[in-house]
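Peer 1: Sequence:
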Amino acid sequence: MFGLFKKKAKKISLHAVCDGQIIPLEEVNDQVFSQKMMGDGYAIQPSQSTIYSPVQGKLMNVFPTKHAMGIQIENLELLLHMGLDTVELEGKPFNTLVNEGENLTPTTAVSEVDYQEIEAAGKDNVMLVIFVNGSEVIDEFKITASGSVTKGQEIGYVTLR
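The sequence shown begins at 2 in the working numbering and counts up one residue at a time.
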């Protein structure tokens with residue numbers, strides 16, 4: 002009888018933030034991300050400079066160094082992290098295209114990234130999507146794509162508790 006009132010799990014589609022090669026988070030060249038210390042997620046080695054939202058959600062914040070953004074969808078908090086150790090570049094390679102509080106979709110361009118500047122500084126340009134509080138709210142996480150992906154392509158999903 003009480004099972005009738007159980008909240009239905011919500012499935013959220015995950016999308017490629019750019020054209021490129023999807024790679025398992027465990028293969029990212031940074032222990033904090035590859036060992037999932039900040040949370041589970043996925044990564045894309047980009048082949049184009051425009052970065053899009055991975056989900057339909059709300060932009061909660063843009064880091065002062067423009068290398069990362071916080072996105073909220075339901076009770077899930079996502080971190081879109083652009084490059085590794087790029088905080089040290091003080092925002093120079095990033096041109097943010099959205100404002101805090103803005104509603105985003107997978108067709109919303111959120112940043113333009115100058116990969117030449119990132120590579121000249123000896124940094125990795127991998128794009129990361131991390132579920133910051135995923136262990137608390139995600140019931141299931143699955144990446145259904147592999148290899149080459151295109152911006153906006155549905156590449157997997159999360160189901161929220």
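Please keep in mind that the hints were generated in silico from the structure rather than gathered at the bench.
All values derive from a computational prediction rather than experimental measurement.
Beta carbons: idealized from backbone N, C-alpha and C, even for Gly.
A hint or two may mislead.
[As the list claims (entries may be wrong)] BS3-like cross-link-like pairs, simulated, lysine-lysine; straight-line CA separation at most 27 Å:
| # | residue 1 | residue 2 |
| --- | --- | --- |
| 1 | 9 | 124 |
| 2 | 12 | 124 |
| 3 | 124 | 11 |
| 4 | 11 | 67 |
[What the hints assert, rightly or not] Have a look at the derived ranges for each label pair, beta carbon to beta carbon:
| # | residue 1 | residue 2 | range |
| --- | --- | --- | --- |
| 5 | 121 | 22 | 18 to 28 Å |
| 6 | 27 | 149 | 39 to 49 Å |
| 7 | 27 | 123 | 16 to 26 Å |
| 8 | 59 | 123 | 26 to 36 Å |
| 9 | 27 | 75 | 21 to 31 Å |
Peer 1: Checked against the structure, which of the hints given earlier come out wrong?
Peer 2: As far as the earlier hints go, 1, 2, 3, 4 and 6 are violated by this structure, in ascending order.
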